[in-house]
Amino acid sequence: MTPSDEMDTKTHERLLSIAMKWYEQIKEGAIPSISMPTRTKQNIEFDDESEVWKYGDRESVRSAHTAKSALHLLKMSYVIWFLKTQLIEKRSSTLRELYYISEGWKRAKFSAQDESNFLIEDLEILTDLQREAFHLRPEEDGATIFGPLRIREMTRRGERTIHCQDDVGEAGYQIPSNVENIDLIEHDANFVIAIETGGMYARLIENGFDQDHRAILVHLKGQPARSTRRMLHRINEKFGLPVLVFTDGDPWSYRIFASVAYGAIKSAHMSELLATPRAQFIGVQPSDIRDYNLPSDTLTDKDIAALQSELSDPRFASEYWKSQIELQLKLNLKSEQQAFAARGLDFVTQEYLPKRLTEMGILS
Amino acid sequence: MVTLAEDLARQQRSISVAEFFEKNKHLLGFDSPTRGIITTIKEAVDNALDACEEASVLPDILVLIKKIESDVFRIVVEDNGPGIVPDQIPFVFGKLLYGSRFHQIRQSRGQQGIGISAAVLYAQLTTGLPTIIISRTGADQGAYRFLLQINIKTNEPDVLEREEIMWDRTHGTRVQIEFKSTMAAKKRLLEYLKYTSVVNPHARIRVELDDETYLFERVSDEVIACPQAIKPHPHGIEIGQLMRMLAASEDTSSEFLVENFTRVGKKTADEICKNAGISPGSRASSLSPVEQKRLLQAMQEVKVPAPPTQACLSPIGEDLIAKGLEKEFQMDFVKARTRASSVYAGHPFLVEAAIGYGGKLPPDGNAQILRFANRVPLLYQQGACAITGCIAGVSWKTYNISQSTLPTGPLLVLIHVASTNVPFTSESKDAIAAIPEIEREITLVLQELGRELKTYLSRRDKNRLQEDRARAVCAIIPEIAAKVAEIVELPVPDIAPIEGKIMKKVLVKRYLREGRVIIEGKNYTSHPAEITVYDISSDSGKGASPEPSIVTELDGEFTKMWKLTLQPGDGWTAGYAGSGGGTLEVRGIPPEQVVVVDIDSQ
Chain S
1 MTPSDEMDTK THERLLSIAM KWYEQIKEGA IPSISMPTRT KQNIEFDDES
51 EVWKYGDRES VRSAHTAKSA LHLLKMSYVI WFLKTQLIEK RSSTLRELYY
101 ISEGWKRAKF SAQDESNFLI EDLEILTDLQ REAFHLRPEE DGATIFGPLR
151 IREMTRRGER TIHCQDDVGE AGYQIPSNVE NIDLIEHDAN FVIAIETGGM
201 YARLIENGFD QDHRAILVHL KGQPARSTRR MLHRINEKFG LPVLVFTDGD
251 PWSYRIFASV AYGAIKSAHM SELLATPRAQ FIGVQPSDIR DYNLPSDTLT
301 DKDIAALQSE LSDPRFASEY WKSQIELQLK LNLKSEQQAF AARGLDFVTQ
351 EYLPKRLTEM GILS
Chain R
1001 MVTLAEDLAR QQRSISVAEF FEKNKHLLGF DSPTRGIITT IKEAVDNALD
1051 ACEEASVLPD ILVLIKKIES DVFRIVVEDN GPGIVPDQIP FVFGKLLYGS
1101 RFHQIRQSRG QQGIGISAAV LYAQLTTGLP TIIISRTGAD QGAYRFLLQI
1151 NIKTNEPDVL EREEIMWDRT HGTRVQIEFK STMAAKKRLL EYLKYTSVVN
1201 PHARIRVELD DETYLFERVS DEVIACPQAI KPHPHGIEIG QLMRMLAASE
1251 DTSSEFLVEN FTRVGKKTAD EICKNAGISP GSRASSLSPV EQKRLLQAMQ
1301 EVKVPAPPTQ ACLSPIGEDL IAKGLEKEFQ MDFVKARTRA SSVYAGHPFL
1351 VEAAIGYGGK LPPDGNAQIL RFANRVPLLY QQGACAITGC IAGVSWKTYN
1401 ISQSTLPTGP LLVLIHVAST NVPFTSESKD AIAAIPEIER EITLVLQELG
1451 RELKTYLSRR DKNRLQEDRA RAVCAIIPEI AAKVAEIVEL PVPDIAPIEG
1501 KIMKKVLVKR YLREGRVIIE GKNYTSHPAE ITVYDISSDS GKGASPEPSI
1551 VTELDGEFTK MWKLTLQPGD GWTAGYAGSG GGTLEVRGIP PEQVVVVDID
1601 SQ
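Protein chains in written order, with my numbering: chain S, 1 to 364; chain R, 1001 to 1602.
Treat the hints loosely; a few may be bogus.
[Stated by the list, open to error] Cut-off 27 angstroms, straight-line C-alpha distance, at most; resulting in silico cross-link-like pairs (DSSO-like, lysine-lysine):
id	chain 1	residue 1	chain 2	residue 2
1	R	K1360	R	K1397
2	S	K68	R	K1501
3	S	K109	S	K27
4	S	K21	R	K1504
5	S	K68	R	K1462
6	S	K68	R	K1360
7	R	K1397	R	K1187
Quick caveat, the hints were computed from the structure, so don't treat them as lab data.
Given the sequences, and given the hints that come with them, work out the whole structure.
Pasting the structure below:
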């Protein structure tokens, strides 16, 4: 039995155990029900030990005694039935395909894709497995990676060993949706830089930053997909490489950093797999806007509200973040990563990053 | 010029009331043959009800309508009232404006004494036939039969025939009138009788319309307390009436006021006289027209308490209105209100109302409006009536009732205005005039009832929602059961027990386990359930625990019966060695409150 067969068997068993529980309940004359953590902001807690965000102790019971909950359970049964079939037939589908497949489920049809995505997350929580185990993948294409890293990927067409500098094109290696199919073989890097925008990612590759500083570059593509976060987590865990996050200088980008480092509400059930608590923030820092006199925009009301809410957010409850956010509110300005171009295309790789990384103790 | 004036004066002559009526039939409700038939029956039935009330008799009224020729109808109204003494009969039926109640201050149906004699006149004018009256005042008195007409010139009765006859009734009156008419308004006629029956729940009215018979049965055996006459109130008197009363008086002005008016004592009487500038000791009959006018003015301005209202008014009562409506209309909700009595312009009045909703009322269109004045249905001129105006003036949307001028939907609104002097817009007594005091009372009672209706509607909607939900759940759970069974590849489980739980019922189930038959009961309702469980199979049930109350055998089939009471939430189990099969039944509880599941037989 191959590892993936084993995984399928485990997934199959866990999915079936949910259905079996309901079957037993019904047979005993009990209204079928299922209990799981309440998936709201109020029930997200910072776990000091693992330093990531997890669901708290609040549980909610979904019981078929109201029409709404009964329908939810019915949809869940249909999805379990579908996933079971998919596992047996060794097929896979995207979240979007699942949504369209439900068209034929009459009463159990999903009204929007959000609903089916949410239900899959429920199943992840209930089975303690990732959706990849269900042979489900997101339709968004994964982010890319570029740097001195060798991996082995189990593809549908066989095993491939790839070096992320030598064996890839200019855009880098595309992270597949199921990172579990990747073996991290070896690396020749000092650190990993996760970059928010494609423009900055391409700038660093073009300027040879990965070679000069032996850096693994990862493109986050905005708010990072699960597979990207899982990849960062795995590299950090397996090789012990520092993970640095380089984003725009606005409150929304700080949240991208927070989700890389501490996890997100929607996926709090797998924060331990996805978050990289030791990740560090490079910039753009509000003090950079001031020190480098970067081209900037005035903060909007929404920006200000977001900054203020971050001041009371435990993820930003450090002296560093407090002073930076307060400074930004005082400056009333925000800047993009690519604003460094105002000082020349090489400025970011020649001046800013080396200086900042030295400051952070990454470079000596 | 002088010649012309003399010519005109020669042409001027007094016209009799009867002549006036002939020319102004519409004023009295005889404007068309169709309407004439309804007005006649209305007047006769009103008189019959009034008479029975005065005699404290439960009314039994017979209405016969028979087509004699293509356009001639015979109308007979017979009652079991006190009857009329023979000498009075010609005046009651053969003279307009002759009535016993005209000068009395109390609530009654007929008032002016025009109604029935107008019908006599109408018959005489259309067919030329006299009206036949039979009346008897008691078992020891003879019955008399009269043939009557009215002398149009003199407004005096013409007695064509008078004879003593044999009559099977011990007391009562029968009127037979024949006139030209049509039955085009049959529906309206029956409506009138139905509405009359609603507000006179103590009356039984039987109708024979050619070959059809309708019976409006009585639902109350209470005789209505006859309203008592009161003296007029100084604020509620008009100059003509005052002049007549003064002329007939032999007292001093002060004595006259004390004697003839309610709420007037010596002190008030002297104050009125003083304000009117007349001597309290002057003779009432000797007052000059100017003094009379000053007296009226002073009477209207003097401060006196409102007239007593209790005795002279006779409300139907909330219970009887509701009963009366329930017997004639099938509705889901009925609520009636009787307001406290009140006064307008010195006239006591009170308003009663009821609202009915749902049931067999038409679901669309304007609400059905039932208007009554002194227990008489008002059938015409709905739009001109103050009652209609008040109903339209209420914001029904506040009470979850849709509205387009009038409220719409399966709604019935009943308004009864009772007064010693109902202010009609015209002599045909079709519509109540817009008197602010009365309108205020109508609006208030409608708002009160509207709130009750709203409470009922929201409770109904809530129940409906719960039911919908339970039904939805019970539709979804079988699908969950089927899908889950497909996933785990096992037979589809029985979901009846869950339904019992969701529907909040008593659940009784039987199943086999390891050679034992197990019967379980569980009460999911909020009330104790007393049930009897019948388990019929070939098992003898020997050694059952608990032991059955009774075991009987018939052809190898044993009926094991347990009687038990399950408190809410309680469970019960019985078991015995056996192989099951047969049937399971639960009795002693309405079927909609129990779910019985024989698990192994499915």
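We went through each hint and held it up to the structure:
no., hint, in the structure
1, R:K1360 - R:K1397, "holds (22 angstroms)"
2, S:K68 - R:K1501, "holds (17 angstroms)"
3, S:K109 - S:K27, "holds (26 angstroms)"
4, S:K21 - R:K1504, "holds (23 angstroms)"
5, S:K68 - R:K1462, "holds (17 angstroms)"
6, S:K68 - R:K1360, "violated (34 angstroms)"
7, R:K1397 - R:K1187, "violated (31 angstroms)"
The structure fails hints 6, 7 (numbered hints given earlier, in ascending order).
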